[in-house]
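Based on these hints, arrange chain B on the given structure of chain A.
If you're matching them up, the sequences are chains A and B in order. First residue of the first sequence: 42, per this note's numbering; consecutive thereafter. First residue of the second sequence: 42, per this note's numbering; consecutive thereafter.
For the record, the hints were derived by calculation from the structure and aren't laboratory data. One or more hints might be untrue.
Copies of the same chain look alike in the list, so a pair counts if it works inside one copy or between any two.
[Stated by the list, open to error] For lysine-lysine, the following BS3-like pairs were computed, each having C-alpha atoms within a straight-line distance of at most 25 Å:
#	residue 1	residue 2
1	K358	K177
2	K260	K180
3	K288	K87
4	K349	K87
5	K284	K358
6	K345	K284
7	K180	K363
8	K349	K363
9	K345	K290
10	K349	K284
11	K180	K288
12	K170	K260
13	K290	K87
2 protein chains.
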Amino acid sequence: MRDCIDIHTHVVPESFPPYAGRNANVPWPSMAEAQACHKHVMISGKVYRTVADGCWSVPRRIEEMGAMGVGRQAISPMPELLSYWLPLDDARTMIRYLNDQIAAMIEQAPEHFVGLGAVPLQDDDAALKELHYVLKDLKFQGVEIASHVNGTSIGDARFEPFFAECERLGAAIFVHALRPAGQDRIVGPFPEQAVCFPGDIALACASMITGGIAARHPKLRIAFSHGGGGMAILLPRLVHAWKMFPKAKASLPESPEIAARRFYYDELVFEPRAIRFLLETFGENQICLGTDYPFAMGDLAPMKTLEKAGLDREMLKRIAFKNARRFLGLPAASR
Amino acid sequence: MRDCIDIHTHVVPESFPPYAGRNANVPWPSMAEAQACHKHVMISGKVYRTVADGCWSVPRRIEEMGAMGVGRQAISPMPELLSYWLPLDDARTMIRYLNDQIAAMIEQAPEHFVGLGAVPLQDDDAALKELHYVLKDLKFQGVEIASHVNGTSIGDARFEPFFAECERLGAAIFVHALRPAGQDRIVGPFPEQAVCFPGDIALACASMITGGIAARHPKLRIAFSHGGGGMAILLPRLVHAWKMFPKAKASLPESPEIAARRFYYDELVFEPRAIRFLLETFGENQICLGTDYPFAMGDLAPMKTLEKAGLDREMLKRIAFKNARRFLGLPAASR
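Pulled out of the complex, with its shape left as it was, chain A reads as follows (with noise of 0.2 Å):
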């Protein structure tokens, strides 16, 4: 248990500076007192999520850890607050915030927290210069970016120097989903991270590999949250296009499964005959604990979930720590 590492989990400041930046009708949140233990995170006027105060608190987020078995969590941001869609000077000050807000919580529980900052993505050399920030400065393992920028998925051309730089340093990342396709398409009061993450994560994934920065760039660590979404169904009909259309084919010198089963995915899929599935499809060192910790949509008794997979051992070391420990790049005796 001591030893489990949880590669998804969130975090969100207990407060932001209030916004001193020169732009008009910047979307710039805040938060707001809420029931007991918990803040309200307010954007443009609304409560865009009430958060319980694991978000920020330390030691609290120790107690739940113990509670769910974790031994030591990955921690990102809120993927809302990823500030993609800002004007870049807003982004940056964003972005920074977030980083040394992830920074101060690891400096006071170290051996509990490895770091996953923020980017601001939406250009290419404030990217890039973030990027050293958290690895050089911070030390933290790596990033959390999300499946697409604006609209754009990660998978673009545009995107590639980034990954190229990521695979250099040696940065772990991780990927969510985040504002994602098929919104539109929801029926009825099911919130949107519910219906279209899987979907939206799955997009994320193919295009990383049908626009060939995967196979350009085979040493690159990412991981994918959800599992990955559809994309363990998805996979075999893209080698199927990949075989049949000679364009895709041209334009891929590997089989999409060959970097599909490279890349990593947490195993937040909530039931076991789904995880064994996972692990079917891409390989029995690819899937990593990821918990969604503290927000409603996680798996708060993720143990409890492995367990009921009926995994072997060593199969369940593996899911628990052992390839975390290689997504992250920490040491395999890191305690």
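Just chain B now, with coordinates in the frame of chain A:
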């Protein structure tokens, strides 16, 4: 083999009548000569797709069914012909033409084909009229509909009268991905049907559950294309959301899993492990043979795929024809 029923196959007529409507700039399809045994489907002056003569030739179709080990096909229009985006008068003309063409193919070989017709779902009354026509006049088993109608998911309340009538009349409904969500997220030369259909059909399937139509019409016989796409991965997440969000729970009297396990799905996921996962997730009475014949993204050796899944003889029979008979409303000993 004689018994095997393929629920997912498409028809394109050998020709279309010239446009005779009164609207301007209607994307009315036509056929143009291509290489031997092929024609181009032309839409708005461009080749939409080049298709083989199995699309319209009954002898060719029967020959290829023999090679595939399929005894009977449910035949439905190529989805891009469903015409939801045409002016209603034009859509009615096109759809009536399609339905009559399908009826003519069935007449040539009634032991080999059953019909799944089209309906102009952009208009409630017109859709109901055509539903009655295909069921009563043409004796089809049901209809094919798309995952959404011009961006509105099929689970939207506006389509409930249509589904209520399908339930009342015992019509089988085959739902097919079309003009999929997330098309703008594709990177590289992979076609939309390869990358985006699985996510698109999952959204349609989810909408039928989260909007409540499935719960209110439990006798509906409805099947989803491409194995339901990402639905098998999404489903446990919907169940979790239903438990966690009071509004979701209040809106739905049954767990999303209950409806999802009443639905039917084809097994067009290409990998034996994925077929087994569909069986585990949706139940062994819900998965039907479906190939997407005669298109490039089809599985034209479906019995081989099923063989590799290592299913016992009874399970094979269920997938090969028993479940399809129930979905299509065919008598158990129809031959």
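Hints, verified against the model:
no. : hint        : in the structure
1   : K358 - K177 : neither (30 Å within a copy, 60 Å between copies)
2   : K260 - K180 : within (20 Å within a copy, 58 Å between copies)
3   : K288 - K87  : between (47 Å within a copy, 19 Å between copies)
4   : K349 - K87  : neither (40 Å within a copy, 53 Å between copies)
5   : K284 - K358 : neither (36 Å within a copy, 29 Å between copies)
6   : K345 - K284 : between (40 Å within a copy, 18 Å between copies)
7   : K180 - K363 : within (21 Å within a copy, 59 Å between copies)
8   : K349 - K363 : within (19 Å within a copy, 32 Å between copies)
9   : K345 - K290 : between (42 Å within a copy, 24 Å between copies)
10  : K349 - K284 : between (37 Å within a copy, 19 Å between copies)
11  : K180 - K288 : neither (42 Å within a copy, 42 Å between copies)
12  : K170 - K260 : within (21 Å within a copy, 59 Å between copies)
13  : K290 - K87  : between (47 Å within a copy, 24 Å between copies)
Checked against the numbered hints given earlier, the structure breaks hints 1, 4, 5 and 11 and satisfies all the rest.
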